[in-house]
Amino acid sequence: MGVHRKGRRGNKDRCTGKAWRKKASGKARTIGHDRGKIPTSAEFSREYLTYIKDVKQNRSARRTRQALKHFSLLFGNKKLSEITPEDSDTYKRRRFNEGAKPATVNRELAVIKHLFNLASKWHKFFGDNPVSRSGALEVQNLVERILTPEEEHRLLEASPKYLQDIILIALNTGMHQAEILSLKWEWIDLENNLINLPQTNTKSKKTRKIPINPVVRRILLECKIRSGGSEFVFPSPKGLGSHLTWLKRSFKTACKKAGIEKLRFHDLRHTTATKLVESGIPLHAVTKLLGHSSVKVTERYSRPETSIQEAVQILANFTQNRSHEKTNLL
Numbered sequence: 001m002g003v004h005r006k007g008r009r010g011n012k013d014r015c016t017g018k019a020w021r022k023k024a025s026g027k028a029r030t031i032g033h034d035r036g037k038i039p040t041s042a043e044f045s046r047e048y049l050t051y052i053k054d055v056k057q058n059r060s061a062r063r064t065r066q067a068l069k070h071f072s073l074l075f076g077n078k079k080l081s082e083i084t085p086e087d088s089d090t091y092k093r094r095r096f097n098e099g100a101k102p103a104t105v106n107r108e109l110a111v112i113k114h115l116f117n118l119a120s121k122w123h124k125f126f127g128d129n130p131v132s133r134s135g136a137l138e139v140q141n142l143v144e145r146i147l148t149p150e151e152e153h154r155l156l157e158a159s160p161k162y163l164q165d166i167i168l169i170a171l172n173t174g175m176h177q178a179e180i181l182s183l184k185w186e187w188i189d190l191e192n193n194l195i196n197l198p199q200t201n202t203k204s205k206k207t208r209k210i211p212i213n214p215v216v217r218r219i220l221l222e223c224k225i226r227s228g229g230s231e232f233v234f235p236s237p238k239g240l241g242s243h244l245t246w247l248k249r250s251f252k253t254a255c256k257k258a259g260i261e262k263l264r265f266h267d268l269r270h271t272t273a274t275k276l277v278e279s280g281i282p283l284h285a286v287t288k289l290l291g292h293s294s295v296k297v298t299e300r301y302s303r304p305e306t307s308i309q310e311a312v313q314i315l316a317n318f319t320q321n322r323s324h325e326k327t328n329l330l
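Residue 40 in my numbering sits at position 40 of the sequence shown, with consecutive numbering throughout.
Don't read these hints as lab results, they were simulated from the structure.
A few of these clues could be false.
Below, computed lysine-lysine pairings styled on DSSO-like, alpha-carbon distance capped at 30 angstroms [said to hold, decoys possible]:
{"hint": "1", "residue 1": "LYS296", "residue 2": "LYS257"}
{"hint": "2", "residue 1": "LYS206", "residue 2": "LYS53"}
{"hint": "3", "residue 1": "LYS252", "residue 2": "LYS203"}
{"hint": "4", "residue 1": "LYS248", "residue 2": "LYS288"}
{"hint": "5", "residue 1": "LYS37", "residue 2": "LYS53"}
{"hint": "6", "residue 1": "LYS53", "residue 2": "LYS238"}
{"hint": "7", "residue 1": "LYS275", "residue 2": "LYS203"}
{"hint": "8", "residue 1": "LYS37", "residue 2": "LYS101"}
{"hint": "9", "residue 1": "LYS124", "residue 2": "LYS205"}
{"hint": "10", "residue 1": "LYS224", "residue 2": "LYS69"}
{"hint": "11", "residue 1": "LYS121", "residue 2": "LYS205"}
{"hint": "12", "residue 1": "LYS124", "residue 2": "LYS184"}
{"hint": "13", "residue 1": "LYS101", "residue 2": "LYS224"}
{"hint": "14", "residue 1": "LYS121", "residue 2": "LYS69"}
Please build the complete structure, drawing on both the sequences and the hints.
In structure tokens form, the structure reads like this:
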């Protein structure tokens with residue numbers, strides 16, 4: 001019985017795939033498009049990568065290249081019109097079985113989905129997006145860490161000078177790692193103590209002004225001396241007019257040396273936001289500094305349990321006061 005059902009389902013899947021390809025090619029003919037001109041997945045992936053160079057940050061572009069590399073390895077010889085929802089599910093299963101994390105697979109599927117949308121917009125693909133029907137893998141949300149003052153001290157002690165500077169800027173501005181690493185001197189106004197991030201360099205794609213405090217100012221002045229005339233605050237040791245692009249290895253090494261477990265660089269941003277909120281800084285001010293789209297997003301960086309504990313303590317105080325009053329009456 002089990003074998004029989006599996007065979008029937010396989011036939012159905014094959015029929016579905018054929019129907020999908022027939023539908024896609026049918027739409028192409030209806031529009032009068034020569035199906036022979038539809039590019040293969042590998043061909044259009046190269047066009048897509050050229051396109052994103054001007055619209056994505058370096059880290060995002062690197063992830064996109066990685067996603068399309070895996071996609072092309074599986075389906076590079078297929079025309080876009082020949083890719084089916086079944087292929088999308090195959091890609092998802094294959095990447096997961098290779099050890100890719102669910103969040104990574106979901107990001108890669110999002111890239112491939114956008115690739116098909118762009119191909120459709122440029123009239124190089126016709127039909128429904130085959131990735132649209134592929135559900136995302138379930139992701140277990142990581143618990144966001146807050147760096148304690150003692151851990152912060154150990155982490156800085158365990159880090160080389162350039163990493164210390166980057167960590168301190170992160171803790172004193174709440175900036176994303178990519179925003180810090182790609183900083184250019186032309187965006188830094190030391191006269192008015194402001195970092196002016198252009199929309200091309202922010203995750204939100206909106207310009208953002210970040211005040212420079214004394215800690216960050218000292219670091220920037222030191223970096224200016226060491227930069228050797230580079231346009232970047234943190235130039236790559238490889239030269240070629242580029243900046244540092246990746247800290248994962250050095251940050252992991254520093255954490256291990258400091259005896260700190262399960263800490264991501266992004267947790268430094270969470271630490272900054274938590275410090276500000278718990279110090280009484282209004283949420284709207286923290287939202288503006290971090291570049292969040294709304295105060296609602298910033299609320300997740302605060303720790304509501306603190307205010308709840310305070311509220312419960314106030315209730316305890318009331319109870320204790322009432323008990324004292326009752327005792328005095330006796």
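Exercise for the section: Given the hint that LYS121 pairs with LYS69, test it: the Cα-Cα distance must not exceed 30 angstroms. Expected result: Holds, at about 22 angstroms.
Exercise for the section: Below or equal to 30 angstroms on CA atoms is what counts here, so check LYS275 against LYS203. Expected result: holds, 22 angstroms
Problem - Holds or violated: LYS248 to LYS288, with C-alpha atoms at most 30 angstroms apart - result: holds, 27 angstroms
Problem - Given hint LYS205 paired with LYS124 - CA-CA distance at most 30 angstroms - result: Holds - the C-alpha atoms of LYS205 and LYS124 are around 28 angstroms apart, at most 30 angstroms.
Practice task
Take the C-alpha atoms of LYS296 and LYS257, compute the straight-line distance between them, and say whether it is at most 30 angstroms.
Solution key: Not satisfied, since the Cα-Cα distance of roughly 36 angstroms exceeds 30 angstroms.
Problem - Restraint check for LYS101 with LYS224, where alpha carbons must lie at most 30 angstroms apart - result: violated, 39 angstroms
Problem - Hinted pair LYS206 and LYS53, Cα distance within 30 angstroms - result: Between LYS206 and LYS53 the Cα gap is close to 18 angstroms, so the pair holds against 30 angstroms.
Handout entry: Satisfaction of hint between LYS69 and LYS224, Cα-Cα up to 30 angstroms
Key = Not OK: LYS224 and LYS69 at ~38 angstroms, beyond 30 angstroms, violated.
Practice task
Given the hint that LYS124 pairs with LYS184, test it: the Cα-Cα distance must not exceed 30 angstroms.
Solution key: Violated - the C-alpha atoms of LYS184 and LYS124 are around 37 angstroms apart, more than 30 angstroms.
Problem - Hinted pair LYS121 and LYS205, Cα distance within 30 angstroms - result: OK: LYS121 and LYS205 at ~22 angstroms, within 30 angstroms.
Practice task
Compare the distance between the alpha carbons of LYS252 and LYS203 with 30 angstroms, and conclude whether the hinted pair is satisfied.
Solution key: holds, 23 angstroms
Practice task
Would you mind confirming whether the straight-line C-alpha gap from LYS53 to LYS238 stays at or under 30 angstroms?
Solution key: Holds, at roughly 20 angstroms.
Figure legend: structure checked against the earlier numbered hints; hints not met, in rising order: 1, 8, 10, 12 and 13.
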